[in-house]
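**Student:** Going line by line, the protein sequences match chains A and B. Start counting the first sequence at 1; every next residue gets the next number (this note's numbering). Start counting the second sequence at 1; every next residue gets the next number (this note's numbering).
Among the hints, erroneous ones may be present.
Said to hold, decoys possible - So, partial list: chain A residues that the calculated Cβ filter (under 10 Å) puts toward chain B:
| id | residue |
| --- | --- |
| 1 | L23 |
| 2 | E104 |
| 3 | F109 |
| 4 | T110 |
As the list claims (entries may be wrong) - Derived list of chain B stretches under chain A, where covered just means 3 residues or more per stretch with a C-beta under 8 Å from a C-beta of chain A:
| id | region |
| --- | --- |
| 5 | 52-63 |
| 6 | 85-96 |
| 7 | 100-106 |
Simulated from the structure, these hints should not be mistaken for lab results. Quantities reported herein were computed from a predicted structural model and do not represent experimental measurements. Yeah, the Cβ is synthetic: ideal placement off N, Cα and C, and Gly gets one too.
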Amino acid sequence: MAAALVQSVEIVTGSVTTTGGVLNSVAAGNFLAVQIGIFNAATQSEPVSTPDSNGNSWNTTTASAELGNMVEFISYAMNVAAGNTTVTVDQNGDAFYSTGSFAEFSGVFTAAALDQQTSNSGTSTTRTTGTTGATAQDEELVLTCMLSDSASNPVGIDVPPTTGYSNLGIEQNGASFYAGATDYKVVSAAGTQAADYGTIASSNWVAKIATFKAVATGTQNAFAWVRA
Amino acid sequence: MASSITIAERVFPVGPPITRTVDSFPADVKRIRISMTRVNWPAGDVAKITVIWSDGNGAFAVFPGGALLGKDGQPELVSIFQIGVPQEGIAGGGKRRRNVVHGDFTLEVLKEFTSAITLEALA
Chain A
1 MAAALVQSVE IVTGSVTTTG GVLNSVAAGN FLAVQIGIFN AATQSEPVST PDSNGNSWNT
61 TTASAELGNM VEFISYAMNV AAGNTTVTVD QNGDAFYSTG SFAEFSGVFT AAALDQQTSN
121 SGTSTTRTTG TTGATAQDEE LVLTCMLSDS ASNPVGIDVP PTTGYSNLGI EQNGASFYAG
181 ATDYKVVSAA GTQAADYGTI ASSNWVAKIA TFKAVATGTQ NAFAWVRA
Chain B
1 MASSITIAER VFPVGPPITR TVDSFPADVK RIRISMTRVN WPAGDVAKIT VIWSDGNGAF
61 AVFPGGALLG KDGQPELVSI FQIGVPQEGI AGGGKRRRNV VHGDFTLEVL KEFTSAITLE
121 ALA
């Protein structure tokens with residue numbers, strides 16, 4: 001069973017003190033992820049409250065470097081409980097902008113799923129996540145996100161960022177929001193991973209990528225064959 | 001639903017949450033944007049808006065009052081919240097947007113405030 005998207009919700013906010021996503025009828029054992037870019041003029045902090053409304057504990061990857069008061073986060077919960085799940089995002093009472101997505105995936109490891117991660121930031125016309133180390137196994141889920149403070153509308157972020165990715169959320173309106181994108185892909189061969197969000201007008205940007213171990217395709221059939 | 005609905009500027013007093021169901025969206029809707037004018041909003045959190053699509057997925061946001069600077073460094077005159085139509089994975093890989101037929105929009109007033117509220121369906 002390869003990793004697969006079950007469902008996702010995209011949110012983009014102007015100044016808020018709390019936001020969050022509601023995922024309906026989440027299946028037991030699945031994997032939840034929040035990929036979110038935060039602009040907080042005060043102090044950026046890990047945004048996802050743990051536990052969520054369904055008692056799941058959340059983990060975070062290493063935040064991207066801060067640039068222009070922007071930070072990208074990828075947070076996740078493994079082996080989640082079944083049921084409707086509300087995930088809350090805040091910045092300790094500070095007002096913040098956010099651009100992100102909340103998603104449920106199947107087929108991801110139920111423990112120790114995080115494999116590789118890296119991040120990148122800069123003030124330039126190109127936006128890339130940086131390149132991870134080689135994944136530990138063939139089948140993995142790759143999550144990426146990017147946030148920019150460009151004031152253009154549309155900003156012109158490449159969707160998907162690089163061939164093979166699927167877009168979970170995109171905001172091209174840099175006049176009203178902090179433009180950014182969240183994406184994923186499932187890979188079936190070990191190797192390094194990266195995403196390139198294309199070339200646009202020069203601005204500050206931050207980007208993050210992380211890979212998560214997935215159950216190998218055919219595992220269930222293999223077990224069935226052995227048992228037969 | 002028309003592509004936009006506007007509630008004229010009025011005072012929203014503290015009270016029980018107000019839920020309205022919008023029972024049809026344009027076929028090509030990809031996201032809903034909620035904009036609220038900030039008419040001398042008091043300091044502190046003033047409103048929470050929750051959107052729940054017909055598939056049960058949704059999102060929420062809590063909006064602060066007081067003086068805020070917008071992205072352009074100028075006083076923020078409008079608070080905005082945008083939520084995409086949920087997506088789902090499809091067999092064999094890939095994804096698609098769900099065909100949501102209605103949504104519940106709930107406004108919880110945390111502190112009395114004045115605003116015009118606009119709901120836009122964006123393709």
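**Student:** Decide, hint by hint, whether the structure agrees.
**Tutor:** Going through the hints against the structure:
1. L23: Holds: closest Cβ of chain B sits about 6 Å from A:L23, inside 10 Å.
2. E104: Holds. Min distance 9 Å.
3. F109: violated, 18 Å
4. T110: violated, 18 Å
5. 52-63: Answer holds; 10 residues pass the 8 Å Cβ test.
6. 85-96: Our answer is that it holds, as 7 residues pass the Cβ test (under 8 Å) against chain A, meeting three.
7. 100-106: Coverage by chain A is violated for the region 100-106 of chain B (0 residues, Cβ < 8 Å).
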